[in-house]
Amino acid sequence: MAKSKNAQTSQAAKRKLSEKQLHEMLYTMMLIRRFEEKALDLYSLGKVHGTMHLSIGQEATAVGASGALTQQDYLLNTHRGHGHCLAWGSQADLMMAEFMGKETGYCRGRGGSMHIANVDANNLGANGIVAGGLPISVGVGLSIRARNTEQVVMVVFGDGASNEGAFHESINMASIWNLPVIFLCENNQYAMSMPVEKSMNIDRISDRAAAYGIEGVTVDGNDVEAVYEAVHNARQRAIAGKGPTLIECNTYRYMGHSKSDRQAYRTRDEVKTWMDKDPIERLAGHLDMSKKDKDGLFKKAEAEIEKAVEFAEASPEPDVADIMEGVYA
Amino acid sequence: MPSPNGTREITYVEAVREALTQSMQADERVFLIGEDIGVYGGAFGVSAGMHAEFGGERVIDTPISEAAIVGACVGAALTGMRPVGEIQFMDFITLGMEQLVLQAAKVRFMFGGKATVPMVLRTPGGSGTGAAAQHSESLETWFTHVPGLKVVMPSSPYDAKGLLMAAIQDENPVIFVEHKLLYKVSGPVPEEPYTIPLGEPNIVREGKHLTVVATSIMVQRAKQAAEELAKEGIEIEIVDPRTLNPFDDSLMIQSVVKTGKALVVHEAVKTSGYGAELVSRIVESEAFDYLDAPVRRLAGLDIPIPYNRNLEYHAVPQVENIVAEARKLVRGEY
Amino acid sequence: MAKEVIMPVFGFNQETSQIVSWLVKDGQTVEQGDPIAEVTTDKINMEIEAPTGGVFSGVGYAAGETVPVTTVIAYILEPGEKAPEAPVKAPVTPQAAPTPEEPEKSSYTPDPPTQNEQQLPPPAQPEYLPPATDGRVAPVSDLAAKVASEHGVDLAAVRGSGMGGRITRKDVESYLGAGAAAPAAGSGAKVRATPAARQAARQRGIALDTVRGSGPHGRVQAADVAAAQPAPRPRTAAPAQPGGVQRIPFTQMRRTIADNLQRSMQEAPHIYFQVDADVSALNDMVAEANRQAAEGDAKVTLTAVLAKAVAWTLQRHPRLNSHLGQGEVLQYQDIHLGIAVALDDGLIVPVVHNADHKNVRQLAAEVNDLASRARSGKLKPTDLQGATFTISNLGMFRVDRFTAIINPPQVGILAIGRASRRLVPDALGQAIVRPIAALTLSVDHRVIDGAVAAAFLDDLSAVCERPHLMAL
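For the protein sequence lines, the chains are A, B and C, in the order given. Residue 1 is where the first sequence starts when you use the numbering used here, and the numbers rise one by one after that. Residue 330 is where the second sequence starts when you use the numbering used here, and the numbers rise one by one after that. Residue 664 is where the third sequence starts when you use the numbering used here, and the numbers rise one by one after that.
Derived from the structure by calculation, the hints contain no laboratory data. Don't be surprised by glycine CBs; every beta carbon is placed ideally from N, CA and C. One thing to keep in mind: the hints can contain errors.
What the hints assert, rightly or not - In silico PhoX-like links for lysine-lysine, alpha-carbon gap of 20 Å or less:
{"hint": "1", "chain 1": "C", "residue 1": "688", "chain 2": "C", "residue 2": "666"}
{"hint": "2", "chain 1": "B", "residue 1": "443", "chain 2": "A", "residue 2": "102"}
{"hint": "3", "chain 1": "A", "residue 1": "299", "chain 2": "A", "residue 2": "38"}
{"hint": "4", "chain 1": "C", "residue 1": "666", "chain 2": "C", "residue 2": "809"}
{"hint": "5", "chain 1": "A", "residue 1": "102", "chain 2": "A", "residue 2": "307"}
{"hint": "6", "chain 1": "C", "residue 1": "666", "chain 2": "A", "residue 2": "38"}
Said to hold, decoys possible - Computed list of chain B residues with no C-beta within reach of chain C, every gap over 12 Å:
{"hint": "7", "residue": "384"}
{"hint": "8", "residue": "475"}
{"hint": "9", "residue": "513"}
{"hint": "10", "residue": "614"}
{"hint": "11", "residue": "622"}
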């Protein structure tokens, strides 16, 4: 059993990503940003209802993590999961249709923003319950082992979820059975309004790995390469039968918890400080990209999102006659 | 379906074990997961010997972590396996409710019908063992109130085997409620594998004066009551829903049309119990026009199960209560 | 370019927000993200941020005003830019907020006549109702259907007050102009009785308050009714008046008939059209069909053959296959023929559904079955629902011709007199004897004009005389 080891990923370890891959990652991050901004617009216009949880500012974590996994692996997503969903390769148009509650959406308009899944692509769905995906990840891990395949499952959750009982039960079980599970904690500093420093008495959530005898690492969640590296290493360990890893990605959401959050619990200055560490700007800077090239790439993302919105708006509503479908198989 | 007549007799617990064993032999996707189900053989001995036959990879002992047990079933089921989880006492399902109610029951619908969760969660319920309030619950009605879950409650060894094999083959999450006091009850059970379709009730006994609809151990008690009543010339018809949800109520309704009187019996507390659902279905149906007395419920008192032996006995319906209630109904005293 | 600032949607079901205060003044320069106004929903206070940098320009909403969401409340202008023409300040109407779209297609369509009396509010939500038995019929509670069937009420004429226009027992009873389920004559008090006893009493025509109850508190049991004698006929209950007048109270069915027909005559301007049709070919068809009948086949009657001919003609003249709705005509594709059946004391109109898809033998079987069940009181609610046109055949009596009253919301009814032997000229002008039946069509002139009705009758008499047209 691996002993717990908390280490910031070293710069030296960053080696695996080609310039081309980084460019693709940058584009995906831009696509996520524009997707969520558009979703926000549509919400304000009343075209999307319910609520939604935006991950603007957290794009590097989603893109870095999915980038390190393969198409055979599994994803269990959080309620703040649009970024992970797009990074996993989901289609923006089918997602947008789901947001608008259309029959063509990933969940035929039955799930909405909080429950987007694509089981055929091993995306086992976003979860509306904090820590709801963690126990499920244990079962996926067991299933992988029973079928003896070279797969891993990544379950994404927030800092708040690490205070739930399910976190404890699940990591403990995955640890005792050495299951191929990657526990990816997106620490965006707030559980709704509760700051991390008030909700736990430790500096790093990854410190908790020690309690279960598994590897725990904390990385800069706004550094796409660092996230990639950590998830890549966790996958290698899982495939090698060395069990689960707890990865903490430090990041920040620019928007409120949900659409009805007035953000009285944090200051504008704090938000600004994090905006200065914007993951998209950082990667663009790292790639020495000109403003023109960057704007061009954003435009491309915008065009893709516009097409997605057109598709969604033109799509049919679900038929009320089908309301009972999908309760039972 | 093989006839239960003329076959060997085994106990309810052996019937459950045989269903698990034969399902695992037939389908390698089936595995068991739960607390102390391995070498220990399960708190009630249901899986005794199965660890030796199938090994620790298919009979998986877990830490005391009900949420993770249920969640593990959901995750495995979503990715191609057919898990059978055991919750040691039905009371402990409260610790796994989130995974059961918000995950297992809902993912298929939330995902637009594009996922299946073929899992079974077995659990023993019921009182009568002196285990007091936290180990004697009858919570089955909770789950009938959650669309997406199926709820099965066998009352005999024959039904236990056939319904469990059907539950394991079903594509939906199934809560399989056993009864601690039924484990020792014997009855005819064919050796070969067989299934009883989920949702089909059983006319346990035919009669013309009164329809008694009973679940789980109350079916056994109703059968004993029927013998007493027959001595007085009262013939009761006993209907066992077997599957509480989904439940095809047509046989029950036909029976009430025939007898004109109905008594519903279950162990769970009366208020908002499954009996309320059964009574509603009767009075909503054509049977209404044939009712010749109020429809009555006989159920557990609205209290936690007490420890004291005598108090525990009086907390839930017993044979003599069924006899007395049936007699009053048939004699027109209500 | 001026950038609009709208009152955003913040949460579930939010339709308006109130402006608490403006945080910037007109003409003030703002940065992107600067708070420009504080607003409050019923739940929370929120700040609205400038969507972009520029010069703030309000459109005139003052602090304290309530504004529908998505309304433009200000602009951010580029320096020197003028605000676009001020939009008219929207009045504060919660309805202005986006509401969920009406489901385009629901599992049922409210029945047109429900709209005759008073516009119902549309269902606020998609309905959670069992599918209606007939696509066109409003959802009906089991009990309402039962009461309606017992009293011969056409459910299409009853306005539902339940969710989604669902017809409840109360609706049927108030339609009948009666209070609660007919209490037994005489006592006026409610009788304690079991449902089974009530059913037995209804079937045997026994008044429950004449039965001695053996159950608790004197409740009448089924066995008590079985042992009771049928109640005396109502006419003896009303003593004969001097001069031999008898007072025969209206039955519920008679009241329904009276109300319906009176309403129809008052509201629908009837016009009538007649044709004398030679039915010898139809008679031949009846005779041939009965000669060729296999064992167990229903006896084919002239009514069945005429039903076939009417269905065929309606296909060609769909305007007569309509209901009158609220300011509109609902013209149906399916043809459901009502067949008037006389009862001992009343009249009922069971329906042959999709008559155009049935052959003569099927129609005969169905008409015979409906008529016999109508007489034995065994029609189901669905048997009475959805007629789009009605035929009334009194040919079995010595009646040459008569006019019939339209059964609303239908717009036409065909009255068929007896086929009598009459002298008519043949092709060469020689007198020959032929069976001639008078067909009288009544139509609602609000919907059907004379020429339309005439063309219908023209085709109908043609197909009666040359039924092979139906095969072409």
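Each hint, compared with the structure:
{"no.": "1", "hint": "C:688 <-> C:666", "in the structure": "16 Å, holds"}
{"no.": "2", "hint": "B:443 <-> A:102", "in the structure": "15 Å, holds"}
{"no.": "3", "hint": "A:299 <-> A:38", "in the structure": "13 Å, holds"}
{"no.": "4", "hint": "C:666 <-> C:809", "in the structure": "63 Å, violated"}
{"no.": "5", "hint": "A:102 <-> A:307", "in the structure": "15 Å, holds"}
{"no.": "6", "hint": "C:666 <-> A:38", "in the structure": "16 Å, holds"}
{"no.": "7", "hint": "384", "in the structure": "48 Å, holds"}
{"no.": "8", "hint": "475", "in the structure": "17 Å, holds"}
{"no.": "9", "hint": "513", "in the structure": "41 Å, holds"}
{"no.": "10", "hint": "614", "in the structure": "8 Å, violated"}
{"no.": "11", "hint": "622", "in the structure": "7 Å, violated"}
Checked against the numbered hints given earlier, this structure breaks hints 4, 10 and 11; the rest are met.
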